[in-house]
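All chains, full assembly: derive it from the sequences and hints.
Residue numbers (my numbering), protein chains in the order written: chain A, 1 to 317; chain B, 318 to 634; chain C, 635 to 951.
Incorrect hints may have been included.
Simulated crosslink set (BS3-like; lysine-lysine; CA at most 30 angstroms straight-line) [claimed, not checked]:
hint, chain 1, residue 1, chain 2, residue 2
1, C, Lys801, C, Lys765
2, C, Lys709, A, Lys315
3, B, Lys358, C, Lys709
4, B, Lys566, B, Lys579
5, C, Lys765, B, Lys477
6, A, Lys266, A, Lys167
7, B, Lys576, B, Lys566
8, B, Lys345, B, Lys475
9, B, Lys392, C, Lys765
10, A, Lys248, A, Lys23
11, A, Lys315, C, Lys680
12, B, Lys355, A, Lys46
Because the hints were derived from the structure by calculation, they are not lab data.
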Amino acid sequence: MSNIQITKEGNLQHLLTTESMNKELIIKIFDIAETFLKIGKHDVKKVPLLRGKTVCNLFFENSTRTRTTFEIAAKRLSADVLNLDISSSSQSKGESIIDTVNNLIAMSANIFVIRHPESGMPKYIANNVSKDVHIINAGDGNNSHPTQGLLDAFTIRKYKKDFNGLKIAIVGDIKHSRVARSEMHTLSILGVSEIRLVGPKIFMPDDIDQTKFQEFNDMKEGISDVDVVMMLRIQKERMQQEIIPSEKKYFESFGLTTKLLKYAKKDAIVMHPGPINRGVEIQTEVADSSQSVILAQVTFGIAIRMAVMTMLIDKNI
Amino acid sequence: MSNIQITKEGNLQHLLTTESMNKELIIKIFDIAETFLKIGKHDVKKVPLLRGKTVCNLFFENSTRTRTTFEIAAKRLSADVLNLDISSSSQSKGESIIDTVNNLIAMSANIFVIRHPESGMPKYIANNVSKDVHIINAGDGNNSHPTQGLLDAFTIRKYKKDFNGLKIAIVGDIKHSRVARSEMHTLSILGVSEIRLVGPKIFMPDDIDQTKFQEFNDMKEGISDVDVVMMLRIQKERMQQEIIPSEKKYFESFGLTTKLLKYAKKDAIVMHPGPINRGVEIQTEVADSSQSVILAQVTFGIAIRMAVMTMLIDKNI
Amino acid sequence: MSNIQITKEGNLQHLLTTESMNKELIIKIFDIAETFLKIGKHDVKKVPLLRGKTVCNLFFENSTRTRTTFEIAAKRLSADVLNLDISSSSQSKGESIIDTVNNLIAMSANIFVIRHPESGMPKYIANNVSKDVHIINAGDGNNSHPTQGLLDAFTIRKYKKDFNGLKIAIVGDIKHSRVARSEMHTLSILGVSEIRLVGPKIFMPDDIDQTKFQEFNDMKEGISDVDVVMMLRIQKERMQQEIIPSEKKYFESFGLTTKLLKYAKKDAIVMHPGPINRGVEIQTEVADSSQSVILAQVTFGIAIRMAVMTMLIDKNI
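As structure tokens, then:
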């Protein structure tokens, strides 16, 4: 993609994908997120960095969970927050998305957090509206979910310090997952030595860059000796469409159990973007074990989103 | 119930039910609510007691009215407020309630206001999440609605000063009412001399403690000489299920009319938790009369909810 | 109407209609809006004029767009905002509108922004609740939409300076449009020389005051030599009811095209209350042209709503 998300001066203008980011920028986001993590431990968690700014959550696909993380991050920065559930409003009146966004810009919205079922829509919007506003992609089709990719890599840094030398397995439906795609970009840019894609053949992307990623269709082999197991959420809808046989059968082959986890390194951490399907892609005992960092990911996600929003608005940070 | 809502030091950890509270604690809530009532008369009604805290309204049952009272109370304390309508979000994705709450805790929610159709759910949640958060029960099944019970008793104190010596009638479907249950506990703990339960036989609980409560199946007798008439809302759905004959017939026997109200003390006050069904359980003339304190209850309810939230967070108040 | 919206001292108590306003009051609203426009250019856009006040958006008809403008205006004044979608809450519980509003007043709501499908409902509410609160009509049936009328006239003042000597065409379904009605009042009170109503015969009101307004059933003649073209939104529902033949046919006769716009003055501006139907009442090229001030209207709308809310609360401004 043409790099519309970075200005000529090297600042973050939008966050659309992790694909074209460079290591320095990602490390900068992480370092700023660290400072927000510290504030998160204070009694009063608010900072006035976005006071008087308006963050507009524009969700064309319902996701209370993701929207809430952006809402909390924005409020903690003292921004005003607008939650617009678009499926039910202007779209039904036949107004185009660009008209909707331009109207909100005219009302002085500064940052748009956009989730849309179509891949590429946040980029399309960024290309067609005023240069003064900032777009954050909160998930588009099966294309990208950059804040998730960033927070996942940030979580790994918190527990494993150095990316160099790490073996990481991403397990599940890689092919249809925007989360997997954003994780793969980020970890690859950060120089992770070995990134494994683990899952049944039908869940593997067609065009794996084998210089960067290794495919495994067997769970035991796939997670053998890894430092990090990143589980993906199984979309139950896919099972109902009989793309995969059944929850039970999938769990038998690729569900992460205590027994299987023993094949990973002793101090391996287990990650999941949530919400988890207990007994489908992950055993309850594993999700709740001391190796699971799933809830830590959520906490770190707030700090990452605060960092991204701050960098969009404040070029001098 | 095991008293998980009070810490060893005697502080309020959760507000799940009025059942196990003691008189001192209730009086303390009332006294703090009084100070908030005074602030309510100021031009600027906000105080910074919960600044930087997040209050999460988790409603598994739709109630704009009740949710709004908690939202206003939290905002007046300068808290950030998240409104989550759960029926339509993560529940449909199959995430467990405990996972949902734990995720929100990881995002740093401090207080959860929970309404749920199942009795006992707020207590279940309080027992299964981190000890650092606070649960307020905003109504669970036909079990409990503690802030309503407290605000009703507070209203009585505002108008009648001393609980000792009072005669109070609770009128309506006692059996299925969480409001009635919370009122009965609170008034009994506060030492009200005579608490009457008034309504048709089918609306009486099976297990009335006759040392504390007296049953009346005749309206005239039930409200004779009382100081306070507490009406309950008739659930119209029950009528459609033909549990009670008809709105008209119910009104003839147990609707509170100007004529009937004459049997109560001359200065008796009339209460109702709202929303009222005019012409079903209460005559319009009574609802709008000078004896009605129904809207005062609403105002006092904000102060009570502010007091409870403050006590949950600030142990030194 | 009896002028309940102005106090004896000449202050704004409610904003229900533009019909009975006088020129001085409208000019005062505009002058205050100008100061808010300047604040809108500041880095921090918030002012504390409504701190501690509660603005309640009571929408009995869904309109995310309009509600958002009031929400932004209120938040920029530092008010607390409650969004209540009433169709789905207390109305279904059978509570009367007046009871709903009185309950919210008891919770200390100060300003109600009301949209309702029935003409006259905001006035009815203003007449039946406490004198301490303020009602803003955000659109009632096909009666009135006063903030839209005011912001439209304010937009004209920004571009054309003096109302005297202007020729203005309002184009579309005048008969069923609350927007048209509010524009007609406002422009007439402000002394616009020539106000033309342009559209097919079936879209003309029955009772046009010909001393103030001129009817045109031909688009070319109607916009000939005008300074301002104010387009109305075509309600597609009306077409489905076959009141007008088809979108295509309507566009051929009354759609504003680049070609037609040449009949207006060279520096004529084009306005539209939004959301626009591209290719139905307005050609895309016109909507996006340099003569279009449609997005400026949106920006000015925030300032007008801030001015109105401030004048309702602060009598000394």
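**Hinted pair Lys392 (chain B) and Lys765 (chain C), Cα distance within 30 angstroms** = holds (25 angstroms)
**Straight-line alpha-carbon gap Lys358 (chain B) to Lys709 (chain C), limit 30 angstroms** = Roughly 22 angstroms between the alpha carbons, so the hint for Lys358 (chain B) and Lys709 (chain C) holds.
**Request:** For the pair we were handed, Lys709 (chain C) and Lys315 (chain A), check the Cα-Cα distance against 30 angstroms.
**Result:** OK: Lys709 (chain C) and Lys315 (chain A) at ~26 angstroms, within 30 angstroms.
**Asked** Under the criterion that the straight-line Cα-Cα distance not exceed 30 angstroms, is the pair Lys315 (chain A), Lys680 (chain C) satisfied?
**Response** Answer holds: Lys315 (chain A) to Lys680 (chain C) is near 21 angstroms, not above 30 angstroms.
**Request:** Could you grab the alpha-carbon distance between Lys576 (chain B) and Lys566 (chain B) and see if it respects the 30 angstroms cut-off?
**Result:** This hinted pair holds, its Cα atoms lying about 17 angstroms apart.
**Prompt:** Given the hint that Lys345 (chain B) pairs with Lys475 (chain B), does the C-alpha gap stay at or below 30 angstroms?
**Reply:** Distance of about 15 angstroms is within 30 angstroms: holds.
**Prompt:** Quick one, are Lys248 (chain A) and Lys23 (chain A) close enough, alpha carbons at most 30 angstroms?
**Reply:** violated (40 angstroms)
**Given pair status - Lys167 (chain A), Lys266 (chain A), alpha carbons within 30 angstroms** = Between Lys266 (chain A) and Lys167 (chain A) the Cα gap is close to 13 angstroms, so the pair holds against 30 angstroms.
**Prompt:** Is the Cα-Cα distance between Lys765 (chain C) and Lys477 (chain B) 30 angstroms or less?
**Reply:** holds (28 angstroms)
**Asked** Do the alpha carbons of Lys566 (chain B) and Lys579 (chain B) lie within 30 angstroms of each other, as the hint requires?
**Response** Holds - the C-alpha atoms of Lys579 (chain B) and Lys566 (chain B) are around 21 angstroms apart, at most 30 angstroms.
**Item:** Pairwise hint evaluation, Lys765 (chain C) against Lys801 (chain C), where the allowed Cα distance is 30 angstroms at most
**Value:** Outside the cut-off at roughly 40 angstroms; violated.
**Request:** Verify the proposed pairing of Lys355 (chain B) with Lys46 (chain A), using a straight-line Cα cut of 30 angstroms.
**Result:** Cα-Cα ~27 angstroms, so holds.
Consistency with the previously given hints fails for numbers 1, 10, ordered from lowest to highest.
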